[in-house]
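*Asks:* Spelled out, the chains give:
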Amino acid sequence: MRRRSEIAESVRIAVESLRMNLLRSILTTSGVVVGVVLVVVMGWTIGGLDAIWEQTISIIGKDMLYIDKWSWSGGGNWRLMEARKDITLRQAQLLSERMESAESVMPVVRLWSGSVVRGNTSLRCGILGTTTEYGQTSSAELSSGRFFTSTEDYQNAKVVILGEGVAKSLFSGEDPIGQTIKIISEPYRIIGVIKKRGFLFMDFVDNQVVIPLESFRSTVGMFERSVSVGIKTGNEKMVDIVRTEAIGHMRAIRNVPPGQDNDFSINEMQAFDEQVKNIRVGIWVVGMGLTILAFVVGSIGIMNIMYVSVTERTKEIGVRKAIGARRSSILMQFLIESAMLCVIGALIAFPIAQLIVGSARFLAVDVLDQEWATVVSPLIPLDLLGIAVSVSIVVGLAAGLLPALKASRLDPVEALRFEQ
Amino acid sequence: MSRPIIEISNLVKRYEMGDEEVYALRDVSLTIGTNEYVAIMGPSGSGKSTLMNMLGCLDTPSSGTYLFNGENVREMDDDDLAEIRNREIGFVFQTFNLLPRATALQNVELPLVYSGSSKEERRRRAEDALTRVQLADRMTHRPNELSGGQRQRVAIARAIVTAPSIILADEPTGNLDTKTGHDIMALFRELWQAGNTVILVTHEEDIARHAMRIIRLRDGRIESDTTNPDA
Ligand SMILES: Nc1ncnc2c1ncn2[C@@H]1O[C@H](COP(=O)(O)OP(=O)(O)OP(=O)(O)O)[C@@H](O)[C@H]1O
Ligand SMILES: [Mg+2]
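Chains as they are written, first to last, in this note's numbering: chain Z, 1 to 420; chain C, 1001 to 1231.
Extracted from the complex, chain Z is given alone in its bound form (with noise of 0.2 Å):
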């Protein structure tokens, strides 16, 4: 009882001191302001970075390895991959047939640029084959219609599964849903479109149609492609276990001799998880410094202020202890006083990070209209609210305790007898 009421008293007269001093108590948290700011708008970034990141790595899919004839990083050597034998539709099958650890083994042909016509309307885009287990993936989530099945596959079926992109720049709002289109001068029926996906430099993804492997033989042709084998492993954690296996069953299938180096690439998308995880890291250390930074120069702001705040009321620390305050009363009450200081660093802090955060999101989208940029969340992140709060309310009352414990300490008498 006796402890609620000194801490509403507390609280009242740090308001109050807070309020008679208002310009000094704003100019006093700037340095927390800074600090809050840079924690809030560093967690921001690393958590679009994240999202950014999600949705790339949706494109292909976690659970997914591609072997290829060229790496999809780009190291290596390039003369060394391009002498490379290109894998063939049968090592594929191969592939396919040896495999134990993984749920799917498809084969994937590409013609990077064909033509697909519908009307009067022509353009170029990627056209994909594969197989029926595709449609498993990642990569063919659809927002409408189906895959195609083995069956159509099997038999020649001439239909086609359409990337967001084509599908709008053909049918700009229409159902493209059972209507037929060209490709390279053969119809085919309109099964399925797949989901958006494409973003940031993957946006080539969107502007590809799928197509049954058979279907791609009869109207692309296989001459000289190389196949990319793309294995479904089902669940992120055995990713390692299926590429082993891939990797042992290849070499053979390829005919690679112990001791030299494999004669093709696996590709995954795990792989850039390493360079994304440097790039948070390193976000995190120098933001985080930063942070540390403003928030050391902001309490040694505020320490200052609350010694003078302790001089300033020698006289009525003196007179509050006469009717009865105790040292640790004394001691709450500058505590509070130089957390409250803090809290509206921090509630300061709030509006000014939203608004870097939303200028920042708006330059990107509106004004640069990058379009990759929507995925970044357009309000700092509410738990970090909480967080900064808590952190700079620990921060005021390690800055507030030193003067704190000297105005707690005042000789009744002498404080009393003190004028300014």
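Honestly, the hints are just simulated from the structure, not real lab data.
Bear in mind the structure is a predicted one, so any value in this text is a computation, not a measurement.
C-beta atoms are modelled at their ideal positions from N, C-alpha and C, and glycine is treated no differently.
A portion of the hints provided could be inaccurate.
[Claimed, not checked] Partner residues aside, some chain Z positions facing chain C, computed with beta carbon under 10 Å: (1) I13; (2) S17; (3) G318; (4) R327; (5) S329; (6) D411.
Go by the hints and put chain C with the ligands onto chain Z.
*Replies:* Just chain C with the ligands now, kept in the frame of chain Z:
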């Protein structure tokens, strides 16, 4: 004599000023009972305020013993002293020492904040105290909106709000004109008549004449301790 509330023996207060030692009090012994009305007089620097601070548990002696209600003050820690000041002692200062930004009511409530009374009880008791000093119509005024005499009344209300055992006043009329001073003295007399123990310091014989007992200090010693024949 009534039950003793203050028992002081061989009290010494010594200040070290560099190499020099200043004695504010040398060997003071004194007993004051409940419901006494005591005036402490003496020339400037004779140790009156020092003695009052000791009595009020604001200051601790260099040597000697002080029994407050039979308890040895020297054995108490800081929180015990704060508690005694809060519950047992009402202090009135020459310069009022009100909190400038708080209203009369808030000033009077303050001791109850530290004793942990509920909001309603605080309000009720503070209003009672202010009514007793005839300031029922000035409760929401701040000190700078009150006259000197009114400010001292607020201070007295603050001193009596916890119903303390003793009321200590160090030159309570020192900053007031003669007329207002006498009004304040009338108030102390009322408190005393209502059963309070009142100890006050004054320079003025006129003021001291209100008290039952007059103790005169000189150079930190008790020069005389007499019953007031006029009272
Ligand atoms: N903190 C201190 N340090 C050194 N000397 C002190 C201190 N406080 C009081 N003294 C000395 O103790 C003596 C008594 O002081 P005190 O304030 O008790 O006098 P007083 O009787 O109240 O005087 P006045 O009537 O002027 O108020 C004085 O000589 C003073 O200089
Ligand atoms: Mg004095």
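*Asks:* It remains to establish, for every hint, whether it holds in the given structure.
*Replies:* Hints and how they fare:
no.	hint	in the structure
1	I13	holds (9 Å)
2	S17	holds (9 Å)
3	G318	holds (8 Å)
4	R327	holds (6 Å)
5	S329	holds (6 Å)
6	D411	holds (8 Å)
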